[in-house]
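Asks: Sequences listed follow chains A and B, in order.
Residue 1 is where the first sequence starts when you use my numbering, and the numbers rise one by one after that.
Residue 1 is where the second sequence starts when you use my numbering, and the numbers rise one by one after that.
Derived from the structure by calculation, the hints contain no laboratory data.
Predicted model only: the values in this text are computed from it and were never measured.
C-beta: ideal position from N, C-alpha, C; glycine also.
Accuracy of the hints is not assured; some may be wrong.
What the hints assert, rightly or not - Label-pair restraints from in silico Cβ distances:
(1) 231(B) x 82(A): 31 to 37 Å
(2) 245(B) x 67(A): 34 to 40 Å
(3) 92(A) x 151(B): 42 to 48 Å
(4) 47(A) x 36(B): 24 to 30 Å
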Amino acid sequence: MSAPEHPTNGLDETVHQRHRLGILTIAAEAESADFGYLRDALGLTPGNLSRHLTVLEEAGLIQVWKGYEGRRPRTWVRITGDGRSALAAEIAALTELLRRHEQAKPG
Amino acid sequence: MSEQNAGSGPAREGPDSGAQVTEAATLLSDVRRLRRQTRSARHAYWLPLVLFGILTCASVPFYIRPLQPGGTGGFGVPAFYVRGFGGFTGQGWRGYLALYWLVAIAAGLTLTFLWYRRHGRQVGLVTPARGFLTTGVVVSLLTLVLSAVGVLPGDLTIRGTLPFLIIAAGLWTLARAERSRALTVVAAIYTATALVASLYNIENVLFRLGWHPAPDQWQLTSLPNVLLPALVLLAAGLAAYMAQRRTRRTA
């Protein structure tokens, strides 16, 4: 019988990063999230947020599109099906890691 | 978790180090906090609750029974339609009840949809409110079709309170879109109230509690069936408004 897989094997390098995980978490809670909301909620600079969005978009985990509200340009982010799956897998792996740690505690 | 560690990728295999466990706990705590914050910023359901509460209150004149039998039956409203939306009685103002609810439900659904679009643009988080609009339209059309084929149980339609059940269906869809436990509880309470209002004369309870209407007040005896669901919506809407305003102030 083989040993159960270690939970860290379920962690994806693209998602296992605090801010990218935050972006996916927020995007999963809404139909779409605005760049400004993400920037303020995560406390990131616009440049930093843009870099994280590019990584997630290139991995196919989010869709990014630009629109206008009057003359004001706005950038919106929507999580994809793959993004939802990746987020669920990351949370499951982290939860399992903590559960194993609790079980391994003496007493 | 530091940016540097986080960006370097997850550790693989091996025993769970203290750092890994601390990092996992921090990340999960962040996820929970962000979920809570995002839902709180996105919630805007106080308006549809208050709006449908007001629309229900505004329907009161149409539920007042005429003192004398006879009178107008509305302007040529098809019988099946009256049964579905307006109950069996087509006398006096009640003849217009079906038309009122047709307009009120259409207006309520449209205004709610527009409200969520506006709120989404303001906050920067869009709630998927299209489901609410679709549910309201589909259930309303279904009511019309079922009325036309005559399969709707008379017990549900006789008091003209079937529109409350259409509103209840919309609230369940909205609670799912909002991912709100509080709205789910409101939807459950409202559905129960709407069912009671459709199946039972609430005046009987008030009679036992001491309300003995004089003969000239008999025309008002169906109003408790209308005002109770309206009260649930208005109370829940005002409570939600205050809670959502308090949360945004402290955020």
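Asks: Take the hints in turn and mark each one as holding or not.
Replies: Comparing the hints with the structure gives:
| no. | hint | result |
| --- | --- | --- |
| 1 | 231(B) x 82(A): 31 to 37 Å | violated (46 Å) |
| 2 | 245(B) x 67(A): 34 to 40 Å | violated (28 Å) |
| 3 | 92(A) x 151(B): 42 to 48 Å | holds (46 Å) |
| 4 | 47(A) x 36(B): 24 to 30 Å | holds (28 Å) |
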